[in-house]
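Residue numbers (this note's numbering), protein chains in the order written: chain A, 8 to 463; chain B, 8 to 463.
Hints may be right or wrong, so weigh each one.
The list makes no distinction among identical chains, and a pair is therefore deemed to hold if it is satisfied within one copy or across any two copies.
Once the Cα atoms are required to be at most 25 Å apart in a straight line, the calculated PhoX-like pairs of lysine-lysine come out as [unchecked claim]:
#, residue 1, residue 2
1, K294, K408
2, K101, K140
3, K310, K360
4, K101, K141
5, K101, K14
6, K294, K48
7, K360, K294
Derived from the structure by calculation, the hints contain no laboratory data.
2 protein chains.
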Amino acid sequence: MTHETVKFVLDEDSIPTHWVNLMADLPADPPPPPPLHPGTKQPAGPDDLSPIFPMALILQEVSPEPEIEIPEQVRDIYRMWRPTPLYRAHRLEKALDTPAHIYYKYEGGSPPGSHKPNTAVAQAYENQQAGIKKLTTETGAGQWGSALAFACRLFGLECEVFMVGVSYDQKPYRRSMMAVWGATVHRSPSNETEAGRSQQSHPTGSLGIAISEAVEVAAQNQDTNYSLGSVLNHVLLHQTVIGQEALAQMEMAGEEPDVVIGCVGGGSNFGGLAFPFVRRALRTQAKTRFVAAEPAACPTLTKGIYAYDFGDTVGLTPLMPMYTLGHDFVPPPVHAGGLRYHGDSPLLCGLVKQGLVEARAYRQNETFEAAVRFARSEGIIPAPEPAHAIKAVIDEARAAKEAGEPTTILFGLCGHGHFDLSAYDAYLNNDLEDPEFSEADMQAALEHLPEAPALS
Amino acid sequence: MTHETVKFVLDEDSIPTHWVNLMADLPADPPPPPPLHPGTKQPAGPDDLSPIFPMALILQEVSPEPEIEIPEQVRDIYRMWRPTPLYRAHRLEKALDTPAHIYYKYEGGSPPGSHKPNTAVAQAYENQQAGIKKLTTETGAGQWGSALAFACRLFGLECEVFMVGVSYDQKPYRRSMMAVWGATVHRSPSNETEAGRSQQSHPTGSLGIAISEAVEVAAQNQDTNYSLGSVLNHVLLHQTVIGQEALAQMEMAGEEPDVVIGCVGGGSNFGGLAFPFVRRALRTQAKTRFVAAEPAACPTLTKGIYAYDFGDTVGLTPLMPMYTLGHDFVPPPVHAGGLRYHGDSPLLCGLVKQGLVEARAYRQNETFEAAVRFARSEGIIPAPEPAHAIKAVIDEARAAKEAGEPTTILFGLCGHGHFDLSAYDAYLNNDLEDPEFSEADMQAALEHLPEAPALS
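Make a model of the complete structure from these sequences and hints.
This is the structure in structure tokens:
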């Protein structure tokens, strides 16, 4: 008989001691475009960010160092669920009858069930060290909000979460999970903030609106800071523990990935897995391909324009150089709530712009089809977000079969779908919406882009 | 700083190669009372069980061997999630300010989220080897049904699940999970069976009723067998991988448990963790205590009588020697659906009868209080079933504090509570029912006990 379960497990000493800062690998000339102050349109400096972030995280945000040491207390908490396993998807390969070798790094074993606590713990730690008493944040599907609720509980911080309305309604148990860990959760747009009150005409909400609400509360309270679950450099930085472990595990497997695949909302899952491989590819001229999978309902990388835009809907954040659908674009209510974001990490957008990362967009139903196929062969039920990556993986595996090439694929299975089963129900009952992206809505939103220098 | 996360991890080679059969350690004289044929009241032999079980499992059920080899294909699938981690609950100890050392073995990392696949996989394998095409079963909260749906999918078997009505309504996502893996799920009592139609006056259902339905379907179809998630010797046998790993991990920790604690519905989680330690205690005269925690709403071990009774409500199964509340007792609808069973494993009941295992019963609200305290210190949100064990752990830890004794406690955290968050919501809103056990209902049910030899 053949053994089909192949899992690569590292010992605790292999939890990375440093985060990988890909900024250090990018060309210094021309320098990457800086974020701009939303009022003056001048490059935003550390002081512009200090009302809502602790200095330690701001320094990580702008650091030129190639590696940044992980504080021992953060690494200690990582041990709760790290190192995470890397699996060979033998059963999926067999189901697809493909010569491709498929590997996945599974982050769903953390208590909140996704990769998000890798950065939530680091952020809660630095805020506690800085004397902060409370963190505010936004959340889409709730993966991020529950990760921050969990991390705040461990460090004795209060936590206040603005949850995107449609997800609040679709995923009530994610809200309950945050409550179990002691967080306060508001449906966004809420009546708690000016920003929320100004957006009551968009009852489904969006990540952009929820960010505005959370930033507003943090900016107005001295002992309260804001915490973002993706997009920013320091957030992607914290997630690079994933890719570093995966590098070591692929070495155990004796293979090199030809293609690395992840889903993208704000970019933290993708960056966390891919950036250590991107660094290696840049340094060794390896021909690794990188594929970012996003929802066709919110196709930032594939249909957005590359421009300075706000990170939030109301316009409280610095202007960031990124692909954007316009900061007041409200994406259709797909279940992959973590991917309903108008922008993306500037660092990742730069790589897409340079052609180092390829982006693809998928419709909701085809991603659920891929997710059910995965669950029925590999056993794990994926969240709707990584279902986008799985769709891309299946496409790559089919291409490998057609070409007769034994492609090696690595992808990030960033979370489980235990709180998304109503969406699976709808899919299995042929009752899942497949909302379309509205080019007209995007064009309208792009008319509201802030005035700022053009990006080349 | 103190490192607080202490996790003991075994490598894959440490997955047990054999199951521990505690039967071999029990006194041969007098022999344990045998199960009886429901019609003739004569000892039930292998032939009586063969219409619904494959011979390989029947032989495990009655085996006198101290160890039984785990088939390589089963062990291969165990590798998906085994070995499971053992944690030291440092943060809970600190929250309780106790000198006790608390350890827990966590089984929630399996794809279905509990210990149940340890036996589901073994049962699906043996049925597939025997040429069976379909398995039927009952499920309470859905942990068992989803585990069997998962295992059947891996071995290409159909799976039909009768889910206890109240849990079907309380935990809709567990049903969805089974559907994702391709199983058919009926709300029990259903209209699919004679047994179900006869019990329409009990719309909340019970495990006893659901078992009757599943057994009826299996008995009537040649290529269909029945699969039970607890109670029987072979089921507890399969779960002993838990305790064997825990023995090795406690050795890594350099400690011996003074007390081993588990929740009990049918006994498989408890037996799986405890039996390897019971064997050691019997062989070495170690003074380990064993505590079985059950719901006060269904207090089989603490208030039941020790007698021959049916395993199901309608009376299709052999008569088993066990503590029972009466096979037609319908327990109040507590959220710990996996513990709503009128009987218990005969093997475990024998140990309770002999005084080797102590039983305690807890009310629903106090178990959720314990669960929230655990989640807020250790991060993992427990299922309502192991919340009963956690309540017992907290009581032991408080007793240790009062006595000033550094007691070492080991307990089984057999599953996560991701599908039970509506119950947590109710608890946090002071809205959780705390149903009482009805002594009158039990007395009425006990009047329907089958005629059979008395047990001493």
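Status of each hint after checking the structure:
1. K294 with K408: Within one copy only: 20 Å inside, 61 Å across.
2. K101 with K140: between (52 Å within a copy, 21 Å between copies)
3. K310 with K360: Only inside one copy: K310 and K360 sit 12 Å apart there, 70 Å across copies, limit 25 Å.
4. K101 with K141: So K101 and K141 pass the 25 Å test across copies only (23 Å; inside, 49 Å).
5. K101 with K14: For K101 and K14, the Cα distance is within 25 Å only inside one copy (17 Å; across copies 35 Å).
6. K294 with K48: Cα proximity of K294 and K48: none, with 38 Å in one copy and 73 Å across.
7. K360 with K294: within (18 Å within a copy, 68 Å between copies)
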